[in-house]
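J.: What follows is the residue order along each chain.
There are 2 protein chains.
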Amino acid sequence: MSTPSVSAELAKFVATFRWDDVPEHVRHESKRTLLNFFSVALSACFDPTIQKAAEVYGRFSSATQATVIGRGQRMDILAAAAINTMGANVFDFDDTHFPTIIHPTSPVAPPLLAWSETEKISGQDFLLSLILGMEAECRIGNAVSPYHYARGWHITSTCGVFGSAMAIGRLIGLTQQQLVWALGSASAQASGLVETLGTMSKSISMGNAARNGIVSALLAQQNFDGPAKPLEGVRGFLNVTADNADAQSIVTDLGKRWEVLNNAYKPYPCGVVLNPVIEACLSLSANPELLRHGLNKIERIELTGHSLLRQRTDRPHILTGRESQVSAQHAVAVSLTRGRAGLAEFSDEAVGDLSLKGIGAKVCFVDDDAYSVDAAKVVVKIAGAQPIEVMIDMARGAVGRPLSDQEIEDKVRALCAYGQSGIDPEPLIQAVWALDQSNDVGQIMKLVAGAAK
Amino acid sequence: MSTPSVSAELAKFVATFRWDDVPEHVRHESKRTLLNFFSVALSACFDPTIQKAAEVYGRFSSATQATVIGRGQRMDILAAAAINTMGANVFDFDDTHFPTIIHPTSPVAPPLLAWSETEKISGQDFLLSLILGMEAECRIGNAVSPYHYARGWHITSTCGVFGSAMAIGRLIGLTQQQLVWALGSASAQASGLVETLGTMSKSISMGNAARNGIVSALLAQQNFDGPAKPLEGVRGFLNVTADNADAQSIVTDLGKRWEVLNNAYKPYPCGVVLNPVIEACLSLSANPELLRHGLNKIERIELTGHSLLRQRTDRPHILTGRESQVSAQHAVAVSLTRGRAGLAEFSDEAVGDLSLKGIGAKVCFVDDDAYSVDAAKVVVKIAGAQPIEVMIDMARGAVGRPLSDQEIEDKVRALCAYGQSGIDPEPLIQAVWALDQSNDVGQIMKLVAGAAK
Numbered sequence: 001m002s003t004p005s006v007s008a009e010l011a012k013f014v015a016t017f018r019w020d021d022v023p024e025h026v027r028h029e030s031k032r033t034l035l036n037f038f039s040v041a042l043s044a045c046f047d048p049t050i051q052k053a054a055e056v057y058g059r060f061s062s063a064t065q066a067t068v069i070g071r072g073q074r075m076d077i078l079a080a081a082a083i084n085t086m087g088a089n090v091f092d093f094d095d096t097h098f099p100t101i102i103h104p105t106s107p108v109a110p111p112l113l114a115w116s117e118t119e120k121i122s123g124q125d126f127l128l129s130l131i132l133g134m135e136a137e138c139r140i141g142n143a144v145s146p147y148h149y150a151r152g153w154h155i156t157s158t159c160g161v162f163g164s165a166m167a168i169g170r171l172i173g174l175t176q177q178q179l180v181w182a183l184g185s186a187s188a189q190a191s192g193l194v195e196t197l198g199t200m201s202k203s204i205s206m207g208n209a210a211r212n213g214i215v216s217a218l219l220a221q222q223n224f225d226g227p228a229k230p231l232e233g234v235r236g237f238l239n240v241t242a243d244n245a246d247a248q249s250i251v252t253d254l255g256k257r258w259e260v261l262n263n264a265y266k267p268y269p270c271g272v273v274l275n276p277v278i279e280a281c282l283s284l285s286a287n288p289e290l291l292r293h294g295l296n297k298i299e300r301i302e303l304t305g306h307s308l309l310r311q312r313t314d315r316p317h318i319l320t321g322r323e324s325q326v327s328a329q330h331a332v333a334v335s336l337t338r339g340r341a342g343l344a345e346f347s348d349e350a351v352g353d354l355s356l357k358g359i360g361a362k363v364c365f366v367d368d369d370a371y372s373v374d375a376a377k378v379v380v381k382i383a384g385a386q387p388i389e390v391m392i393d394m395a396r397g398a399v400g401r402p403l404s405d406q407e408i409e410d411k412v413r414a415l416c417a418y419g420q421s422g423i424d425p426e427p428l429i430q431a432v433w434a435l436d437q438s439n440d441v442g443q444i445m446k447l448v449a450g451a452a453k
Numbered sequence: 001m002s003t004p005s006v007s008a009e010l011a012k013f014v015a016t017f018r019w020d021d022v023p024e025h026v027r028h029e030s031k032r033t034l035l036n037f038f039s040v041a042l043s044a045c046f047d048p049t050i051q052k053a054a055e056v057y058g059r060f061s062s063a064t065q066a067t068v069i070g071r072g073q074r075m076d077i078l079a080a081a082a083i084n085t086m087g088a089n090v091f092d093f094d095d096t097h098f099p100t101i102i103h104p105t106s107p108v109a110p111p112l113l114a115w116s117e118t119e120k121i122s123g124q125d126f127l128l129s130l131i132l133g134m135e136a137e138c139r140i141g142n143a144v145s146p147y148h149y150a151r152g153w154h155i156t157s158t159c160g161v162f163g164s165a166m167a168i169g170r171l172i173g174l175t176q177q178q179l180v181w182a183l184g185s186a187s188a189q190a191s192g193l194v195e196t197l198g199t200m201s202k203s204i205s206m207g208n209a210a211r212n213g214i215v216s217a218l219l220a221q222q223n224f225d226g227p228a229k230p231l232e233g234v235r236g237f238l239n240v241t242a243d244n245a246d247a248q249s250i251v252t253d254l255g256k257r258w259e260v261l262n263n264a265y266k267p268y269p270c271g272v273v274l275n276p277v278i279e280a281c282l283s284l285s286a287n288p289e290l291l292r293h294g295l296n297k298i299e300r301i302e303l304t305g306h307s308l309l310r311q312r313t314d315r316p317h318i319l320t321g322r323e324s325q326v327s328a329q330h331a332v333a334v335s336l337t338r339g340r341a342g343l344a345e346f347s348d349e350a351v352g353d354l355s356l357k358g359i360g361a362k363v364c365f366v367d368d369d370a371y372s373v374d375a376a377k378v379v380v381k382i383a384g385a386q387p388i389e390v391m392i393d394m395a396r397g398a399v400g401r402p403l404s405d406q407e408i409e410d411k412v413r414a415l416c417a418y419g420q421s422g423i424d425p426e427p428l429i430q431a432v433w434a435l436d437q438s439n440d441v442g443q444i445m446k447l448v449a450g451a452a453k
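Residue numbers (this note's numbering), protein chains in the order written: chain S, 1 to 453; chain B, 1 to 453.
Chain S extracted, bound-state conformation:
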């Protein structure tokens, strides 16, 4: 019996699956994730990482085909896709595919959006390519998890290049064989290290994932060949970057299970394990009893949750906004004090707010692995008073308690304002919800062009 080729089977699925066969709730989820993508991309238009990258990438842009979101700037499709991917991910506030912790939309949507400015693409073709690209990306991620990330691979970057290649490959009509070759050229370009997290160079591999996926597809269109089994081959992507990779899982139930349904959108710009803690603290910030005593009377703030909560977020001494995104001490202090938990609350400015340090110092952890990572209990102890307790069984933003359409819209509005591009988010929101009816997706990019500063 010959070994079935996983790469070929995946390529066949990407080449042939039809929009008509995509379930309605999967279609709708693809619009939700696109809207969430725009929210985060619009938040970072003028972030220093994006500014510097745009300066260098702009020097080597060959054309002005495609919109760099929010900056009033146009570049060729490779550079625009790279910068837009970096922007959507720079705060790690983009979507999260829970089984892998991939941020799947960031490396896939920007290539498709850039391409749709070069020719007229229908909303259905666009969304189908987005869904299939994300499906390939997340399934490859599943096959190498959890070893791959634990080893030190930045999984969104390494798997993102496959998502971009498959999405663009489908959009431009590659054959099954050409899609296998595109997987091969993508496999040769898969890179990104966990060591770079928290620094600007994390964004390089993100931008490359988007950019190099496009290049892989365009080379394949020229019949630029690659190995027969780029994924499952003896020295292919799966075996080289993971021990005990599960190649077969990539093609099990294709078209039946959809990974986009395992994707969730963050309500707060923080590590997802902080979601229930922040939700509890936002509720406490308006608690009449606590307001009557005043925050300065707090003696102790006890966080009970899964041990991962403590392991990943017990960071009392932080210096930057980026570090604050994974600091329980900061998250508790800022959300109790300000009653908000947006990007401004996890910025360098917020970390510099010395009034928060005293409250953060009251935080302590109680490990209880009976809690899921979506749950937490926060108990505030005040001298001479009853403890005040808030229990969150399943936080907003969990796969089981996703943000509503309305909440995603509000995230677009809030992050668009934060990014200071001056863009009106309302026409964008309307356009994304109606995208499956559009006959020219590229028009949407006019709504997010913005102006140079």
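By construction, these hints were calculated from the structure, which means they are not laboratory data. Where hints are given, some of them may not hold.
Per the computed footprint, the stretches of chain B lying under chain S, defined by three or more beta-carbons under 8 Å from a beta-carbon of chain S, are [as the list claims (entries may be wrong)]:
no.: 1; region: 43-53
no.: 2; region: 180-188
no.: 3; region: 193-206
no.: 4; region: 214-226
no.: 5; region: 234-241
A few chain S residues that face chain B, going by a derived Cβ cut-off under 8 Å, partial list only [claimed, not checked]:
no.: 6; residue: V56
no.: 7; residue: S62
no.: 8; residue: Q65
no.: 9; residue: G152
no.: 10; residue: W181
no.: 11; residue: G184
no.: 12; residue: S185
no.: 13; residue: S191
no.: 14; residue: L193
no.: 15; residue: K202
no.: 16; residue: Q222
no.: 17; residue: G226
no.: 18; residue: P230
no.: 19; residue: F237
no.: 20; residue: N239
no.: 21; residue: I388
Idealized CB from N, CA, C, for every residue including glycine.
Given chain S, put chain B in place with the hints provided.
T.: The following block gives chain B in isolation, referenced to the frame of chain S:
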């Protein structure tokens, strides 16, 4: 005691080492390797892999700053560096750093050559940058060998990006800190899989190594930051891509041992383990005794050598020129029959020559690990006659028996003719030997521009 930072120490060396302190034989070797680089780059100008890559990369080239060797074509420095790197390596006929099997010059020389077309660079600054870039590249390769390649990483691609980044970083005068950041952005872009060997997609990661090294250096120049320990960090390049990496070796005896001296140039476009076999067969092809009997009288051709010879080259059934480069059966047959062993003898055309199959079928192997990989014995057995035997103790092209300057010049002449660019190699050869006296390296690229076809 704080852990010494390997990345910082390497960066300091690259930032500060002076031309005056480079030993004369190291300087001379840098010119030899550059000449060898031009020979292979000129051989491949119109190879199908390069044609297709140039078509796609050319679409996204922003300028005509830099020469694409031999094609009468100019692109921006990123695209030109990528294509020239692909060209120099496409036949695997470029230099070989024996401890790692890295082809070190291909990803480092093209970025420097492209840059030297954008501003006036002296020959000494150029050669120093080349030497330092190769040194960083090969030392990082040493630190992850042999695990890294055995795991499936295409080591020239993965380490080449560091070489390019350090070479360009030195040329443009980055500080030590900026060079550490450049190592960080390079680490995020290190990719390339052994699975792609023998296909066009191998060339993608090679081109990326050159291209992305430049990008890493230019971003660092904008203070685009990265991790403090991109190489030796817990989730940095060394630990993620190798078990038991020897980080400290990267900085041991910097400026005292030179890796360019462990680099050798191939006399034949084949796996280096075939060198002694081919040398023996070329000698046999002119053997009067064998000529008198005729090749059709051969009963058996016995190859005695290190077991790696058999393991890597026992390939009787091959279909392409690329496969023939690692087939002992083909190498023996073609060099005995034609008395030559150049690119033409390892092309698709040569593999299609059915007269060779009969001779190849007579080949058998005798493993003897007392042989070094640079040695082999070839015994030809003819019915009713004494066996004819040739022993090669150390093949041409070994580090211990390097090609002479004259032989490298002849390689330039032969490969330049093979590539059919119409370029006159003589002024190029003269210019490379005199490069340390040049005040404008970019001029050399006019000698290899060629004409479009």
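J.: Please go over all the hints and tell whether each is borne out by the structure.
T.: Right, here's what the structure says about each hint:
With 3 residues having a beta carbon nearer than 8 Å to a beta carbon of chain S, the region 43-53 of chain B meets the requirement of three or more and the stated coverage holds. Under a criterion of three residues with beta carbons nearer than 8 Å to beta carbons of chain S, the stated coverage of the region 180-188 of chain B is upheld, 5 such residues being counted. With a threshold of 8 Å between beta carbons, the proposed coverage of the region 193-206 of chain B by chain S holds, since 11 of its residues qualify and at least three are required. With 9 residues bearing a CB less than 8 Å from a CB of chain S, the region 214-226 of chain B meets the requirement of three and the coverage assertion stands.
Only residues whose C-beta sits within less than 8 Å of a C-beta in chain S count toward coverage, and the region 234-241 of chain B has 6 of them, enough to reach three; the restraint holds. For V56/S, the suggested interface contact is upheld, since its CB lies about 5 Å from the closest CB of chain B, less than 8 Å. The closest approach between the C-beta of S62/S and any C-beta of chain B is roughly 4 Å, which is under the 8 Å cut-off, so the hint is satisfied. Look at Q65/S: its Cβ only gets to about 10 Å from chain B, farther than 8 Å, so that hint breaks.
With a least beta-carbon distance of about 4 Å to chain B, the hint placing G152/S at the interface is held under the 8 Å criterion. Among the interface hints, the one on W181/S holds; its C-beta lies about 7 Å from the nearest C-beta in chain B, closer than the 8 Å criterion. At about 4 Å, the closest approach between the beta carbon of G184/S and any beta carbon in chain B falls short of 8 Å, and the interface hint on this residue holds. Using the Cβ-Cβ criterion of 8 Å, the hint placing S185/S at the interface with chain B is satisfied: the shortest such distance is roughly 4 Å.
Evaluation of the S191/S hint against chain B yields a held restraint, the C-beta minimum of about 4 Å falling below 8 Å. Taking 8 Å as the C-beta contact cut-off toward chain B, the hint placing L193/S at the interface holds, the least distance being around 6 Å. The beta carbon of K202/S is positioned within 8 Å of a beta carbon in chain B (closest approach about 7 Å), and the interface hint is therefore held. Among the interface hints, the one on Q222/S holds; its C-beta lies about 4 Å from the nearest C-beta in chain B, closer than the 8 Å criterion.
Nearest Cβ of chain B to the Cβ of G226/S: about 4 Å, under the 8 Å cut. The hint holds. The interface hint given for P230/S is met, as the beta carbon of that residue sits about 6 Å from the closest beta carbon of chain B, less than 8 Å. The interface hint given for F237/S is met, as the beta carbon of that residue sits about 7 Å from the closest beta carbon of chain B, less than 8 Å. Interface restraint check: N239/S against chain B, minimum CB-CB distance 6 Å, threshold 8 Å, status holds.
With 8 Å as the threshold, the beta carbon of I388/S stays out of range of chain B, its nearest partner Cβ sitting at about 40 Å, so the hint is violated.
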